[in-house]
Amino acid sequence: MKTVEDLERIRKQAKVMTKLREGGETTKVVVGMGTCGIAAGARETLSAIMDELARRNIQDVIVTQTGCIGLCEQEPIITVERPGEGKVSYGKVSGERARKIVASHVINGQVVGEWVIPAS
Amino acid sequence: MQFYRSHVLICAGTPCILKGCGAVRDAFITELKNQGLEEEVRVVETGCLGPCDLGPVIVIYPEGTLYEKVKISDVPKIVDEHLLKGRIVRDLISEGSIPGIIPYKEPVYFGIQERIVLRNCGIIDPSSIEEYIARDGYQALAKCLTEMKPSEVIEIVKQSGLVGRGGAAFPTGLKWSFTANTKDDQKYMICNADEGEPGTFKDRLILEGDPHSIIEAMTIAGYAVGATRGFVYIRGEYGLSIDRINQGIQQAESMGLLGDNIFGSGFSFKLEVKKGAGAYVCGEETALIESMEGNRGEPRVKPPYPGTHGFLGKPTVVNNVETLANVPQIILNGADWYRGYGTPKCPGTKVFTMTGDINNKGLIEVPMGITLREIIYEIGGGIPEGREFKMAQTGGTSGGCLSGEMLDVPMDYFTLPEKGSALGSGALLIMDDSHCIVDIAESFMRFFVRESCGKCAPCRVGTVRLHEIVKKVACGDGTYEDLEILEDLGRTMRETSLCGLGQSAPVPIMTMLRYFKDEFMAHIEEKRCPSETCKL
Amino acid sequence: MNVVPADLNNVESIVNEIVTRHEGNKHELVAVLNDVQKTLGYLPESALIQVADGLDIPLSKVYGVATFYTLLSIKPMGKHVIRVCESAPCHLLGANSLIDVLRKELRISIGETTKCGTFTLEHTSCLGLCGVAPAIMIDDEVFGNLMPDDIPAILEKYK
Ligand SMILES: Cc1cc2nc3c(=O)[nH]c(=O)nc-3n(C[C@H](O)[C@H](O)[C@H](O)COP(=O)(O)O)c2cc1C
Ligand code: FES
Chain A
2 MKTVEDLERI RKQAKVMTKL REGGETTKVV VGMGTCGIAA GARETLSAIM
52 DELARRNIQD VIVTQTGCIG LCEQEPIITV ERPGEGKVSY GKVSGERARK
102 IVASHVINGQ VVGEWVIPAS
Chain B
-1 MQFYRSHVLI CAGTPCILKG CGAVRDAFIT ELKNQGLEEE VRVVETGCLG
49 PCDLGPVIVI YPEGTLYEKV KISDVPKIVD EHLLKGRIVR DLISEGSIPG
99 IIPYKEPVYF GIQERIVLRN CGIIDPSSIE EYIARDGYQA LAKCLTEMKP
149 SEVIEIVKQS GLVGRGGAAF PTGLKWSFTA NTKDDQKYMI CNADEGEPGT
199 FKDRLILEGD PHSIIEAMTI AGYAVGATRG FVYIRGEYGL SIDRINQGIQ
249 QAESMGLLGD NIFGSGFSFK LEVKKGAGAY VCGEETALIE SMEGNRGEPR
299 VKPPYPGTHG FLGKPTVVNN VETLANVPQI ILNGADWYRG YGTPKCPGTK
349 VFTMTGDINN KGLIEVPMGI TLREIIYEIG GGIPEGREFK MAQTGGTSGG
399 CLSGEMLDVP MDYFTLPEKG SALGSGALLI MDDSHCIVDI AESFMRFFVR
449 ESCGKCAPCR VGTVRLHEIV KKVACGDGTY EDLEILEDLG RTMRETSLCG
499 LGQSAPVPIM TMLRYFKDEF MAHIEEKRCP SETCKL
Chain C
9 MNVVPADLNN VESIVNEIVT RHEGNKHELV AVLNDVQKTL GYLPESALIQ
59 VADGLDIPLS KVYGVATFYT LLSIKPMGKH VIRVCESAPC HLLGANSLID
109 VLRKELRISI GETTKCGTFT LEHTSCLGLC GVAPAIMIDD EVFGNLMPDD
159 IPAILEKYK
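Chains as they are written, first to last, in the numbering used here: chain A, 2 to 121; chain B, -1 to 534; chain C, 9 to 167.
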């Protein structure tokens, strides 16, 4: 990168790329993988999600990571976003809960209300 | 445990009751039964949701859909379409969100927050520079290098009123100008990421969640003061932060955002990580520099300050992680925009870490000047199991303690010191009435005994004596004279210690003695621990 | 953090390699010691002497620095180092009860190493994990939201 125009070009490309992923065609699962999340067991959560998706041979779900959002009390946190639907964040997602969320929300679109981070 | 996949919130504020929300609620319950959904959908009556003139109002979660002026005749349709089939009933919903209604995906927790330094945390994938760029990353750097003179960069930061978030609240623009005004051939920029203040983890979260914001800010600062090399000093325990910053540096280098002749401006900047080896005192800027030079991390006598005599004797700016994270946004949006947040004297936001007896433990970013009450009860979700608030310590273990009467004091860098406390790093330790003041005081003092570097006598000896005395009181062997010695010793340490560690070590004890003396007295006179924590 | 006994016979070459990587720069002393500690598990006297030689600084100074920082140790450490946070936020939420269980399970006190050399138990100041207090760190791994009952299962993973 040598010029400001280069930066602008990369920004536009990156925006398109992230847009596709965000509002796009596929379901996205984001796992909070900050140290708090990891300390609370996010690694186990992540591997449970990957495992559950692999077991069901589901390939069009994007699993990504992000840093901590600040709600440490609720870690491990995952966010599920299905095409055309809002983001839903789940708290205290153990491996077991993660499997259930994959089965009912990621695949079947049924939000698991009980584990959604509450509104207050 | 019962699982509900949806919640129907029915406003039961007075205006809605007057408009017949009770009948609407009953209709929902009946209809849900008819459809066999009563096990899956829960009907909740809530307090006022805000748009009273539109009542009865209901909100269906998790979608956060708001239906207004709901009539009993609408209920079957909402249940059938929305709750059974999952299709929002478009012709019944209100357009546009109404302030006060927060969709389910954004809990109340985020309502009062203003995220400037945490704008990307938890949103982007920190291991991807593209995602950072997509959210306007490196635009501020581009602007500085191609459109602004270094002095103009400093001027904006000065105008913004940004003060250091590492604890001392020194004006950042002013600090930069000292170093910019020196005429040395080599200057350095250091990011202080040694975060060790108990109860603080904001810097870690920024480093882990948005590493490029720090890399960009350091490059901007380097340009402003004329430094061509920078270091991020990260405590050794923060493994993930170290990895993320190292990865970020590599990515930025390979894109030409670090290195030689950035954006063809002629400005070059090289950045490196320095890893700490476990010492709280290395957060003190001169001790940090000593450590970077390969020495024991003992603070230097100031002046001279690092701004003129820092790393290897050269002019050096040391800034905290959170301070730096503000910089790109200030450059992009301007000083006036920044001054729109917080209080006139203390603009901007502050990241607080909430720990101890509070429901939503974690981290928030709110405008300066917010009250403790708002933080604890509105964002923090209150105290677990409905217990009573007893004490809050602001600013980490070296900060002061506040009692219940001070819940409404505005939290900023200038008001808290008037109450004998400090905002410091933004750590907030909340304690409820089930815990003992003397026991926690003992824990505080143990920390300082462990972390005193030993260079100056008031701190080396004073911390040990403070701990001994508090421990004696906790064991029921204390006397009234001991409390007087505590006060006297505390004063001496404040006045004579070399660095902030020794100067602030007695602060928690002195404020506790001010506000909770009766609890110390109970241990001494009645040999009794009011909360039955201490083994007397 | 695995101490392979063979390493201790190669102190000289290991230290030299690390010193060279840091270009023999005196100012890199803390970084050099960090690296040696990581490779050998602790800082034996022979390594300190070698570092002093390699960087051309007095042994007394190397010793002074090696004993200043809590992540550095001149005593042999167990294969896994357990650091229990004892700062106020963790203390408030029950760090002491974690320490009690750890002491019972491992049959050692703070600062000691188990006979088999598997675990060393240490106190630490805040690890920045107070959001998930009480917290501990084993080598580079972090664990939070702990109850005393969680400890045995965690230890099992390292045995
Ligand atoms: C004992 C002690 C510990 C400190 N620890 C830290 C720390 O962990 N992080 C930090 O940024 N500043 C810390 N400081 C403050 C620094 O000395 C310095 O003021 C700060 O890094 C300057 O950056 P700022 O102007 O951006 O706040 C500490 C100060 C003292 C006396
Ligand atoms: S107090 Fe234990 S991790 Fe911060």
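Treat the hints as calculated values from the structure; they're not laboratory data. Quick reminder that beta carbons are idealized off the backbone N, C-alpha and C, glycines included. Hints are supplied without guarantee of correctness; some may be wrong.
One side only, chain C facing chain B, incomplete, derived with CB under 7 Å [claimed, not checked]: (1) K34; (2) H35; (3) T78; (4) S81; (5) P84; (6) S95; (7) A96; (8) C134; (9) L135; (10) C138; (11) I146; (12) D148.
Structure-based check of all given hints:
A cut of 7 Å between beta carbons decides the hint on K34 of chain C: the least distance to chain B is about 6 Å, and the hint holds. A distance limit of 7 Å between C-beta atoms decides the matter here; for H35 of chain C the minimum to chain B is near 5 Å, and the interface restraint holds. Here the hint on T78 of chain C is kept, as its CB sits about 4 Å from the closest CB of chain B, short of 7 Å. Residue-level restraint check for S81 of chain C is violated (minimum Cβ-Cβ distance to chain B is 10 Å; threshold 7 Å).
Against a cut-off of 7 Å between C-beta atoms, the interface hint on P84 of chain C is violated, since the closest Cβ of chain B lies about 18 Å away. Satisfaction of the interface hint for S95 of chain C is found here, the shortest Cβ-Cβ separation to chain B being roughly 4 Å, below the 7 Å cut-off. Interface restraint check for A96 of chain C: the shortest CB-CB distance to chain B comes to about 5 Å, inside 7 Å, so the restraint holds. With 7 Å as the threshold, the beta carbon of C134 of chain C comes within range of chain B, its nearest partner Cβ sitting at about 4 Å, so the hint holds.
Nearest Cβ of chain B to the Cβ of L135 of chain C: about 6 Å, under the 7 Å cut. The hint holds. Proximity of C138 of chain C to chain B holds as hinted, the smallest CB-CB distance being about 4 Å (cut-off 7 Å). About 12 Å separates the beta-carbon of I146 of chain C from the nearest beta-carbon of chain B, more than 7 Å, and the hint is not met. Interface restraint check for D148 of chain C: the shortest CB-CB distance to chain B comes to about 5 Å, inside 7 Å, so the restraint holds.
The structure fails hints 4, 5, 11 (numbered hints given earlier, in ascending order).
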